[in-house]
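Peer 1: Residue numbers (full-length UniProt numbering), protein chains in the order written: chain E, 1 to 304; chain W, 1 to 304.
Calculated from the structure, these hints are not laboratory results. Note that this is a predicted model, so its numbers are computed, not measured. Among these hints, one or two may not hold up.
Capping the alpha-carbon separation at 20 Å, the derived lysine to any residue pairs in SDA-like fashion look like this [said to hold, decoys possible]:
1) W:Lys165 - E:Arg260
2) E:Lys165 - W:Arg45
3) E:Lys165 - E:His184
4) E:Lys165 - W:Met73
5) E:Lys165 - W:Pro34
6) W:Lys165 - E:Asp186
Number of protein chains: 2
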Amino acid sequence: MTDPAAPPMPNPIAELLTTYNALNSSIDELTEIPSPLEFMRYVSRNRPFVVRGGANDWKATQTWSVDVLKERMAGMGVNVAVTPKGNADAPVESEDGEILFVKPWEEEQDFEEFMDFVIQQEGSGEMNGEVRYAQTQNDNLRAEYSALFTDVASSIPFARIALQKPPEAINLWIGNSASVTALHKDNYENIYVQIIGQKHFVLLPPLAYACVNEQELRPASYVREGGELVAKREDGDRVPFALWDPDGLGVGTRYSGLARPVRVNLGKGDMLYLPALWHDMEFGGSFYPLCGFARNVALNTFVD
Amino acid sequence: MTDPAAPPMPNPIAELLTTYNALNSSIDELTEIPSPLEFMRYVSRNRPFVVRGGANDWKATQTWSVDVLKERMAGMGVNVAVTPKGNADAPVESEDGEILFVKPWEEEQDFEEFMDFVIQQEGSGEMNGEVRYAQTQNDNLRAEYSALFTDVASSIPFARIALQKPPEAINLWIGNSASVTALHKDNYENIYVQIIGQKHFVLLPPLAYACVNEQELRPASYVREGGELVAKREDGDRVPFALWDPDGLGVGTRYSGLARPVRVNLGKGDMLYLPALWHDMEFGGSFYPLCGFARNVALNTFVD
Numbered sequence: 001m002t003d004p005a006a007p008p009m010p011n012p013i014a015e016l017l018t019t020y021n022a023l024n025s026s027i028d029e030l031t032e033i034p035s036p037l038e039f040m041r042y043v044s045r046n047r048p049f050v051v052r053g054g055a056n057d058w059k060a061t062q063t064w065s066v067d068v069l070k071e072r073m074a075g076m077g078v079n080v081a082v083t084p085k086g087n088a089d090a091p092v093e094s095e096d097g098e099i100l101f102v103k104p105w106e107e108e109q110d111f112e113e114f115m116d117f118v119i120q121q122e123g124s125g126e127m128n129g130e131v132r133y134a135q136t137q138n139d140n141l142r143a144e145y146s147a148l149f150t151d152v153a154s155s156i157p158f159a160r161i162a163l164q165k166p167p168e169a170i171n172l173w174i175g176n177s178a179s180v181t182a183l184h185k186d187n188y189e190n191i192y193v194q195i196i197g198q199k200h201f202v203l204l205p206p207l208a209y210a211c212v213n214e215q216e217l218r219p220a221s222y223v224r225e226g227g228e229l230v231a232k233r234e235d236g237d238r239v240p241f242a243l244w245d246p247d248g249l250g251v252g253t254r255y256s257g258l259a260r261p262v263r264v265n266l267g268k269g270d271m272l273y274l275p276a277l278w279h280d281m282e283f284g285g286s287f288y289p290l291c292g293f294a295r296n297v298a299l300n301t302f303v304d
Numbered sequence: 001m002t003d004p005a006a007p008p009m010p011n012p013i014a015e016l017l018t019t020y021n022a023l024n025s026s027i028d029e030l031t032e033i034p035s036p037l038e039f040m041r042y043v044s045r046n047r048p049f050v051v052r053g054g055a056n057d058w059k060a061t062q063t064w065s066v067d068v069l070k071e072r073m074a075g076m077g078v079n080v081a082v083t084p085k086g087n088a089d090a091p092v093e094s095e096d097g098e099i100l101f102v103k104p105w106e107e108e109q110d111f112e113e114f115m116d117f118v119i120q121q122e123g124s125g126e127m128n129g130e131v132r133y134a135q136t137q138n139d140n141l142r143a144e145y146s147a148l149f150t151d152v153a154s155s156i157p158f159a160r161i162a163l164q165k166p167p168e169a170i171n172l173w174i175g176n177s178a179s180v181t182a183l184h185k186d187n188y189e190n191i192y193v194q195i196i197g198q199k200h201f202v203l204l205p206p207l208a209y210a211c212v213n214e215q216e217l218r219p220a221s222y223v224r225e226g227g228e229l230v231a232k233r234e235d236g237d238r239v240p241f242a243l244w245d246p247d248g249l250g251v252g253t254r255y256s257g258l259a260r261p262v263r264v265n266l267g268k269g270d271m272l273y274l275p276a277l278w279h280d281m282e283f284g285g286s287f288y289p290l291c292g293f294a295r296n297v298a299l300n301t302f303v304d
C-alpha cells in the first residue's frame with residue numbers, strides 16, 4: 001500500500017547518526033572515581049567518561065620518571081614496534097597504489113637504549129625514518145614489564161566489581177609524539193591511565209560505523225632491509241580496517257561528514273573509560289617532551 | 001571494487017535476528033530482589049528478568065482479596081475500559097476490511113459493580129459481548145486507587161537507586177482472563193508485580209521490530225450504541241502498531257518466522273522487569289478464577 005504522495009523515507013543511516021549526535025554531544029568529566037553502580041550506568045549507555053586525576057595516588061604516577069624506569073628495567077629487553085612514520089597497524093598505500101594493512105617491524109631492544117631513542121627523538125623533533133613504540137597488548141605489564149607492575153593498581157575495582165571480571169589484559173605503552181594509533185576498534189571494555197606525558201584521543205561511537213569506510217585490506221608488515229623499513233605483503237586473511245580518519249584524512253564515505261568525533265586529552269593521572277566497540281585514534285603529546293604511557297585494563301564483555 | 005565471485009551479502013536483518021537468538025535464549029529467574037548494581041547489569045544488556053516471589057512481603061500480596069478490595073474501595077468509581085472481546089488498544093478489522101487501531105469504550109463504573117462483573121464472567125466462562133478491564137496508565141494507584149496505595153511499595157528501591165529516578169507512573173490493573181493486551185511497546189522501563197491471580201506475557205526484544213509488521217493504522221474507538229459496542233473511526237493521526245502476533249495470528253513479514261518470543265508466567269508475588277522498548281503481549285490466567293493485578297512502575301529512561 002505505497003502512497004505515491006508520501007514523502008520519501010529518510011535515509012536510516014543518516015537519521016541514526018544525526019539523532020545520536022543530537023542526544024550525545026560531549027563526554028562526562030568526573031573528578032572522582034565512580035562507584036561500580038555509577039560505572040555501570042556508563043556501560044549501560046555505552047558512553048565514555050574521563051576521571052581527571054583518577055590515578056593521582058598510584059605509586060607509578062607519583063614516582064615514575066625516565067630515570068626511575070631505566071633503573072628499574074636495567075638490563076632487560078622489551079618488544080618494540082618499529083615503523084618509518086609512527087604508523088603501526090595502519091593502512092598504508094604501497095608503491096603500486098594498493099592500500100595495505102601494515103603491521104610494524106617488531107624487535108627485542110634493550111630497554112635503556114629504547115628509552116634513550118624515544119627521548120632523543122622527541123627532543124630533536126626529527127623522525128629520520130624510524131619511530132619506536134613499545135605497544136604490545138599481550139598483558140605485558142604482568143610479563144615483560146612485571147618489574148613495574150607493583151606500582152600500579154592490580155585491577156580497577158569499580159570495573160572489576162561492576163563487570164564481575166578481573167582485567168583480561170594489563171598493558172603498558174611507551175612512545176613519543178611521533179606515534180599515532182590509527183582509527184580502530186576492539187571488543188573489550190578499556191580503561192586507559194596516563195602515567196607520564198599526554199595522550200590525545202579522537203573517539204567515534206560504534207554506530208558511526210558507516211562513516212569510517214571499513215575495507216578488507218591485504219596484510220603486510222614492515223621489514224628492516226638494508227637500513228630501511230619496507231612494507232612487505234603477507235599471506236593470510238584480509239583484515240577489515242577503517243580507511244577514514246576523523247581528522248579528515250583518508251577516503252571517507254557519503255556518511256563521514258555526519259561523524260562528530262569527540263576529542264579527549266589525557267594528562268598525568270587522568271583515566272579514560274572507552275566502552276567496547278568504540279573507535280579510537282590516539283597520538284602522543286607533541287609539546288611535552290616525554291614518553292607517553294597508557295594503561296589498558298581490558299575486560300572482555302562483548303558477548304553477554 | 002565488487003568481486004563478482006564474492007558470496008552474496010547475508011541479509012543484515014535476518015543475521016541480526018539469528019545472532020541475537022543464538023546469544024539470548026532465555027530470561028533469568030531470580031529468587032531474590034537484585035541490588036541496584038545487579039539490576040543495572042540487566043538494564044545494560046536490555047534483558048528482562050523475573051524475581052519469583054519478589055513481592056511476597058508486600059502488604060497487598062499478603063492481604064488483598066476480592067472482598068478486601070471491595071470494602072476498601074466501597075462507594076468509589078473507577079475508569080473501566082469496555083470492549084466486545086477483551087481487545088483494548090488493538091488492531092481490529094472493520095466491516096469494510098480496513099484494519100483500525102481501536103481504543104476501548106471508557107466509562108466510570110462503581111468499583112464493586114465492576115468487580116462483580118469481572119468475577120462473575122470469569123466463573124461463567126461466557127463473554128456475552130462485553131469484557132471489562134481497569135487498565136488506565138495515568139499513575140492511577142496514586143489517584144483513583146489511592147485508598148490502596150499504602151499497601152504497595154512506594155517505589156522499587158533497586159530501580160529507583162540504579163536509574164536515579166522515582167517511578168513516573170504506578171498503575172494498578174484489574175481484569176480477568178478475557179482481557180488481552182495486544183503486542184505493543186513503550187519507552188519506559190517497566191516493573192510488573194502480580195498481586196492476585198496470574199498473568200501471561202509473550203515478549204519480543206526491540207530488535208525483533210522487523211518481525212512485528214508495524215503499520216500506520218487509522219484510529220477508532222468502541223462506542224456503546226443500543227446495547228452494543230461498535231468501533232467508530234476517529235479523526236487524528238494514524239497510529240503505528242504491530243499487526244503480527246507472536247502466537248502466530250495476524251499478518252507477519254518475511255522475518256516473523258525468525259522471532260523467538262519468550263513466554264513468562266507471573267504468579268502471586270512475582271515481579272517482572274521489562275526493559276524499555278521491548279514488545280509485550282499480556283493475557284490473564286484462564287484457569288485461576290480471579291482477577292489479575294499488575295503493578296507497573298514506569299521510569300522514563302529512553303532518552304539518556
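Peer 1: Each hint should be assessed against the structure and marked as holding or not.
Peer 2: Against the structure, the hints come out as follows:
Distance check on the hinted pair: lysine 165 of chain W and arginine 260 of chain E sit about 30 Å apart at the alpha-carbon level, beyond 20 Å; violated. Between lysine 165 of chain E and arginine 45 of chain W, the direct Cα distance comes to roughly 16 Å. Compliance with the 20 Å bound is thereby established for this hinted pair. Between lysine 165 of chain E and histidine 184 of chain E the CA atoms are separated by roughly 24 Å; this puts the pair beyond 20 Å, and the hint is violated. A threshold of 20 Å between alpha carbons decides the hint, and for lysine 165 of chain E with methionine 73 of chain W the separation of about 51 Å lies outside it, so the pair is violated.
Distance hint between lysine 165 of chain E and proline 34 of chain W is fulfilled; the C-alpha atoms sit about 19 Å from each other, no more than 20 Å. For the given pair, lysine 165 of chain W sits about 33 Å from aspartate 186 of chain E by alpha-carbon distance, which is inconsistent with the 20 Å threshold.
Checked against the numbered hints above, the structure breaks hints 1, 3, 4, 6 and satisfies the rest.
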